[in-house]
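Trainee: Residues per chain are reported as follows:
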Amino acid sequence: MGALPQHLVNGLTVGSLYALLAIGLSLTYGVLRIIHIAHGAVYMLGGMISYTLMVRFRLPPLPAIALTLAACAGVGVVFERWAYRPLRTAPIIVTLISSLGLLLMVENLARIAWGPLTQPYPQFVSLRVYALGSVIVTNLQLLVLALGLALMVALQWCLRHTQVGLATLAAVQNPRGARLCGIDIDAIALVIFAVGSGLAGLAGILEGLYLTSVDPSMGQIFGLKAFVAVVVGGLGSIAGTMLAAYLIGLLEALTAAYVSAGLRDVITFALLVLVLMVRPSGLLGRRVDRA
Amino acid sequence: MTRNESRAFRLRSTVIGLALAVAAGGIAAAQAPDIKVGVFGPLTGPAAADGNGCLYATQLAGDQANAKGGINGRKVTIVSADDQAKPSEGIAAVQKLVSRDGAIAVVSCSYSGATRSAAPVAQQAKVPMVVAYAVHPDITRAGEYAWRIFSLGPVQGHAIAVMAREDGKAGRAAVLWAKNDYGESISTAATQRFTALGGQVVLSEPFALGDKDFTTLLTKVRAATPDVLLVVGYYNEGALLVQQARRLGLTMPVYASDGLSAPKFVELAGTAAEGVVVSAATDLTSSLFKAFAQEFEARHKYVPDSVPSHGYDAMLVVLEALRRGGASADGVLKGLGEMKEFTGVNGTIVFTPEREIRTDQSFWKIQGGRFTQYKLVPYDRVK
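Protein sequence lines correspond, in order, to chains A and B.
In this text, residue positions in the first sequence follow this note's numbering: the first is 855, and each later residue adds one.
In this text, residue positions in the second sequence follow this note's numbering: the first is 612, and each later residue adds one.
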């Protein structure tokens, strides 16, 4: 049991990355009822674009990160405007397939652009290791944790205290009702795609920094896990998604620690099935509207 | 023309066209029949560095043979197939090479999983397959068409254990292994031999291919307090594992399987790779290896490691078999049977009746960001 605090720190760090990614998915599902699988591709672009800007174009880290976030937000806006909006009234399966197509297309383009190999990510934050008793925490873990939490809090604040945020919440709660009240769903869709994709890009950068490498396939399993967080947390429930993301991170760490690292993904997806069996609407979800 | 007539005309022209095309193909084949040798391996996906490096090396061997006039005046052409290191794709790859591309011999530039599933396909098609570096024992058990020029997984596992116990003077070992054929066969043998030599394996844990976060596993390693860390896996996971280990303050020596003996491992792990000892059945100091490495680097702008050098040797073995037995699948098989001993860039190998090889196990150490020749474990000690 001596290593338990260490496993918790490790799990929460990864949970932060999942949460940053899942939040965009939760918002897009909440407002538009889209299962935005291609979100994982944006996350991958975050890692690959920032890598290229720093290594190939020799940009300092801060401008490189700013440009990357802008690029990811832009990609999100393009997705919304040209891949999802024309399908707004189509059955959900059609948007799902469109999204899957986007994911495969972006990944394959990335593989052509960058080659299939894993690349070492520039470590622009020099590593510090802190020992708190028997627990070892690195400054990178603290950075990921702090940034993750700060952004969640900031996002929640924006949702509750700004006009766009309130309109988004209204749209999440009842898209049709919000539209009837004169809320411009198109504008909100663009904003949440921009913000969600920016956060996904940031998660990609943080993964590069924390796990020291990036590759064009990195979005697949990570995107899937974020999606599990959205479903387990309750479709459209932002707080539930964040909670679920941290829980998945912890569960994975504890599975690897006390069961087997080889079973980590199996257990994550088994959890998905289990939660859906017991609570079909997710941990904090309400009844899902049948539109 | 009536409708029927026009249909008959169209049909007739199609048939004539087809006949001409077949005849043209026949003539072309009669004039310059290249000998087709198939190569399959992971050309895309996480293992692509190995697959492509190995393929480049076979192409180099083929081009060098062609430059010297080919095999009895006939040119050798390499046809390739991508298996993404997946067993299911391994089957499809060999089927494509044999039935569509007309390969009369196949080189496996792939891992154990894909090669193991491909071996019965080659066996059934009666096309000889020479395995460059896949280690699972079942591969050559597929039948007389499967040959291997690389040490078996268990042999390598024994050698790693001998090194860790004697060179690392370790009493307690933690073994972290990739959860697949390769990882299992090497780590099981390493564990057995390490214990047999009086050591204690205090932790043995698998990890999945594609894993990136090893902090939890390494936390367990720290709690188990081993003297030495044995890593059986590939360069992607291995690099992250070693790097994260050093970050968590684990300073014990690392002994690793040949999957980590790739330049990409050093590139990804950076300074954390320093001092890591990896098994690699290649003697970096041999003059044949140096000549090969020079030529390879001139073409592809990077220094080849164990994987390309074994791809090169596998192709040399096929070429030699072609010379001896003639340009047919049966000829290659006959040639392989006659070739009791062969000297390639990785040294001299002797084939056993089971179509395996006897050879010493070489170890490299990473020093100053480069692989350097370190020690040899003689074959007698690891069989």
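Errors might be hidden in some of the hints.
Simulated coverage check for chain B against chain A, where a stretch passes if three residues somewhere in it have a Cβ under 8 Å from a Cβ of chain A [what the hints assert, rightly or not]:
1. 652-666
2. 831-837
3. 871-882
Worth flagging that the hints you see were computed from the coordinates, not collected in a lab.
Backbone N, C-alpha and C fix where the C-beta goes; we use that ideal spot for every residue, glycine too.
Trainee: The structure should be examined with respect to each hint, and the outcome stated for every one.
Mentor: Going through the hints against the structure:
1. Three residues within the 8 Å Cβ limit are the bar, and the region 652-666 of chain B against chain A gives 5, so the coverage statement holds.
2. Using a Cβ-Cβ cut-off of 8 Å, 3 residues of the region 831-837 of chain B lie near chain A, which meets the minimum of three, so the contact claim holds.
3. Using a Cβ-Cβ cut-off of 8 Å, 4 residues of the region 871-882 of chain B lie near chain A, which meets the minimum of three, so the contact claim holds.
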